[in-house]
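Colleague: Given next are the chains, with one letter for each unit.
There are 2 protein chains.
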Amino acid sequence: MVVEREVVSMPRSQRRTLTHPEADELDVLDVLHALSDPTRMTIVQTLRADPERACGTFPVDVAPSTLTHHFRVLREAGVIRQREDGNRRWTTLRRDDLEARFPGLVEAVVTAYERQAPPPGSGAGQPH
Amino acid sequence: MVVEREVVSMPRSQRRTLTHPEADELDVLDVLHALSDPTRMTIVQTLRADPERACGTFPVDVAPSTLTHHFRVLREAGVIRQREDGNRRWTTLRRDDLEARFPGLVEAVVTAYERQAPPPGSGAGQPH
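Quick mapping for you: the protein sequence lines, in order, are chains A and B. For the first sequence, the positions run 0 to 127 when numbering that gives the first Met the number 0 is used. For the second sequence, the positions run 0 to 127 when numbering that gives the first Met the number 0 is used.
Here chain A stands alone, though its shape is the one from the complex (with noise of 0.2 angstroms):
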């Protein structure tokens, strides 16, 4: 099933550079510390389910200021690429990049936590 949301316009005063690691540099400390946490968690697994997404259209329950810093977490990681487009902010997961350099770390993460939480889209959350 196809659910069309909103996208969110961000504000002219939101957009700066965004900068991410190079794939050779991702630490995995880091990017165990990005997938956390809940929030950071549903997002993987939203992008894990389509590969790019506007901003204001994951499934998570957060202020924007909240939202922005998880993504800023997941994205100073190496987890995920955000482009912008005018003024909506696209977001990709860096699964190639991710595999190349960790194998087998993101599937066995993800894995372990929908043993405890299901994934999005079944119900249990709302977009934001």
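There could be a bad hint or two in this list.
[Stated by the list, open to error] Per label pair, the in silico range of CB-to-CB distance:
(1) A:Gly85 <-> B:Glu98: 44 to 50 angstroms
(2) A:Ala99 <-> B:Leu17: 39 to 45 angstroms
(3) A:Ala62 <-> B:Asp84: 34 to 40 angstroms
(4) A:Thr91 <-> B:Gly103: 21 to 27 angstroms
(5) B:Asp49 <-> A:Thr65: 37 to 43 angstroms
(6) A:Ala99 <-> B:Asp49: 28 to 34 angstroms
(7) A:Pro102 <-> B:Asp95: 20 to 26 angstroms
By construction, these hints were calculated from the structure, which means they are not laboratory data. Every residue gets a Cβ at the ideal spot worked out from N, C-alpha and C, and that includes glycine.
Position chain B relative to chain A; hints supplied.
Modeller: Structure of chain B alone, referenced to chain A:
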């Protein structure tokens, strides 16, 4: 090579009841957080090679109060089990509990970590 290390006694004032989560209550986010620190990862690596160790014998270079904090984070996440025997505290990895609840997770995490950091005993650390 077997290295003999001094076992540090624990002052009576620091002794207290040690609580541990049940095996079926382990939370993967707590486990990931517990593993997202280099000192705590060194403790886990050490216990994988040597099943039970006294608390003063880990090859980490941090203050005793900091080490106590790291042990508590690992213990409360269910990664390690600690027991007191006289004035010594002994630590083991909860390998079977972790493997039963999150198959392959700790192995994947430690393997990823060892791609970027050598295991203890390779000369990089000193016993504290």
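Colleague: Out of the numbered hints, which ones does the structure contradict?
Modeller: As far as the earlier hints go, only 3 is violated by this structure.
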